[in-house]
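Protein sequence lines correspond, in order, to chains F and U.
For the first sequence, the working numbering assigns the number 1 to the initial residue and increments by one for each residue that follows.
For the second sequence, the working numbering assigns the number 1001 to the initial residue and increments by one for each residue that follows.
Think of the hints as simulated: they come from the structure by calculation, not from any bench.
Which residues of chain F face chain U? A partial, calculated answer using Cβ under 7 Å:
hint	residue
1	L44
2	G47
3	L48
4	K51
5	A56
6	E60
7	T63
8	F67
9	R83
10	R157
11	R158
12	A161
13	D162
Cut-off 16 Å, straight-line C-alpha distance, at most; resulting in silico cross-link-like pairs (EDC-like, lysine to aspartate or glutamate):
hint	chain 1	residue 1	chain 2	residue 2
14	F	K141	F	E151
15	F	K73	U	E1230
16	F	K73	F	E27
17	F	K175	F	E151
18	U	K1002	U	E1015
19	F	K175	U	D1037
20	F	K137	F	E151
21	U	K1252	U	D1220
22	F	K172	U	D1037
23	U	K1252	U	E1211
24	F	K175	U	D1018
25	U	K1252	U	D1240
This structure is a prediction, so every number in the text was calculated from the model and none was measured.
Even glycine gets a Cβ: it sits at the ideal position worked out from N, Cα and C.
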Amino acid sequence: MLTGDPIFDTETQTRPDDDRLLAEFIETGDAALLGELYTRHMPLVYGLCLKYLGRAADAEDATMELFEELVDKVARQRIRNFRTWLWSVARNHCLQRLRREKRRVRVDFDDRFMESAPLVHLLSEGGDEAALAALEKCVEKLPERQREAVEMFFMERRSYADIADATLGEVKRVKSYIQNGKRNLRLCMERRGVRL
Amino acid sequence: MKPDDYIRGERRGREAHDLELGSMGDPLLADAIDGYDAVPGAPGEHADALERLAEGIARSASGGRAAARSRASRLRERRIRGWSVASAAVLLAAVAGGGVWMVRNGVRTDDSHTLADRPAGGAYRSEVVEILPPVTVIPDEENVPETAPSPMPAQTRMQSELPVVAEAMAEMMADEAPARDTTQTEVFRRHVAGRNRVRGTVTGAVTVSFEVGADGRPRDVRIVESPTPELGDFVRSLLDEGPDWPAEPPRKLITINL
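With the hints as constraints, model all of the structure from the sequences given.
Listed below in structure tokens is the structure:
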């Protein structure tokens, strides 16, 4: 299931044939098509359920329940990006389940969903000269640890674990520095008149 | 690198970095990685679960829905039947004892909106299920904002406990934020309630994201999930006609139960 499966091609989040499968299912109502589509993303849905529900058995149940609800949901909604839509549906399903069970689980509502793709692209791939010049100034102004983490991740292309090793820190802290660094970079760029 | 390699612990090298970079624009991948990190499981546990799920989905998709019902669905049905019998027994005992009492489970009758179970009989109550806290960052002594002082304590980690009760959220925010944000939350909830009374009886949860301009007005409104296009349009009108929003964070994601 997890090996050799091209669903984890992170360069193409929703594959073109995801759209084709979805369109065919909507047209024909053939549940096997929806099953194939869901199965492609199911390991990630399961992982998401692990995150919110905290228990493997609950995650398994929730993943199965989601599929059973998918037929109705797909029919009722206009879906532009299946994977993003699936993320939203799965997350809401878990949150509602927690609410029904009156379980209080601490979840960090970070702004990952609102990632500034243009900023990430600028950091990792480069771009407009003026924007790059502004970015360079803003990176210099970052607090030391954020700057270090941002440079190691985006410019040197090191993984979180590699950066943690190099800085004698923890992966969680590295992620935090990068997340906060990106947020501060975005604010700095906006103040300099560069809208991302 | 395949995500399963990453999930199994191969976290170093360029390929791991590329996966992590990819997850920044892919919330499903990002949440999944977090989940596998948070719940490592026993050896083979997740692989076995995924295999069972694949079989269950295939059975369900091929028409064997009854056989593929989840364990939770079956447990839930048994629980409902059990509670029905227990409830009937309690009621009988109460009547026989000459007393009747109402069990209130989080339902309020004033205008403040709690997360109550939807009343029966077609009545409805609008509720804000979750509002993203204005700032959610891990305490980082170096995260000194370079902007002018924000009304929100930007250095405070605000984690939301779920299920989120609107009033609990307001209280939490009030402890750490100026009254302005609490008031804004209340104002929006009341606005939703007022409009909802005249809207209709279609119910559902609508998730919407939007930016907040310098003037506090929502813009670039995007309906992330909605049971019907009409409910999504209704939420758009709620935002268009509703109160101003605090400027930070600049993008918000909220879910509204109607």
